[in-house]
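S.K.: Sequence:
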Amino acid sequence: MDLLELFLIALGLSMDAFAVSVCKGLSVKRVLPRHAAAAGLYFGGFQALMPLAGYFLGVSFRGLIERFDHWVAFVLLTLIGISMIREARSGSEALNGDFSFRAMLPLALATSIDALAVGVTFAFLSVKIVPAVLLIGATTFLLSAAGMKIGNVFGAKYKSRAELLGGIILVLMGLKILLEHLGVFGG
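The numbering of the sequence shown is the numbering used here, which starts it at 1 and goes up by one.
Honestly, I wouldn't trust all of these hints.
[Unchecked claim] Label-pair ranges, simulated between beta-carbon atoms:
#1 45 with 4: 50 to 60 Å
#2 82 with 53: 16 to 26 Å
#3 175 with 89: 19 to 29 Å
The hints are simulated quantities; they were obtained by calculation from the structure and are not laboratory data.
The C-beta atom is built at its ideal place from N, Cα and C for all residues, glycine as well.
Can you build the whole structure from these sequences, using the hints too?
M.R.: Written out as structure tokens, the structure reads:
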């Protein structure tokens with residue numbers, strides 16, 4: 001998997017966190033640097049930790065399913081992508097201006113569950129995990145911090161578009177992995 005593919009996956013994974021950050025930005029009168037940093041650290045941190053955990057889970061049972069790992073990657077990325085697309089088409093979440101550990105932890109966990117599954121696929125694809133999780137964490141940090149400001153300035157206009165784009169990217173990446181392994185095009 002090359003750097004562009006990893007970046008596209010990082011971008012797709014970060015869209016849930018970006019969308020929640022947009023909502024958090026809506027919830028405060030003025031976005032302060034500490035708000036943007038909190039969103040970036042919580043969301044970026046969990047988006048980096050979850051694929052790492054998924055990777056170690058995947059490595060532990062990779063030998064059992066190596067023959068059909070491309071199907072596993074395709075199914076997981078497609079299901080995550082479809083879920084994000086479905087979320088984009090549904091209503092919006094309630095606004096909450098609380099940035100405490102108690103408020104941010106569930107949001108960070110909820111937006112990073114899909115990254116756990118992606119980490120499992122990384123194990124099957126023999127992705128170099130340290131650069132991958134650093135890229136995912138940094139991308140999510142930056143987009144979450146930016147989402148705070150965007151939400152505060154522009155409102156919820158971009159929330160569903162971000163989730164939709166993230167879902168489409170993940171579905172396309174899953175399809176690309178499957179087609180490469182089936183020999184439809186080179187990889």
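S.K.: With reference to the structure, classify each hint as holding or not holding.
M.R.: Each hint, compared with the structure:
1. A hinted range of 50 to 60 Å for the beta carbons of residue 45 and residue 4 is inconsistent with their spacing of about 24 Å.
2. Separated by about 23 Å at the C-beta atoms, residue 82 and residue 53 satisfy the suggested range of 16 to 26 Å.
3. Taken as a hint, the range 19 to 29 Å holds for the pair residue 175 and residue 89, whose Cβ atoms sit roughly 20 Å apart.
When held up to the earlier numbered hints, the structure conflicts with hint 1 and nothing else.
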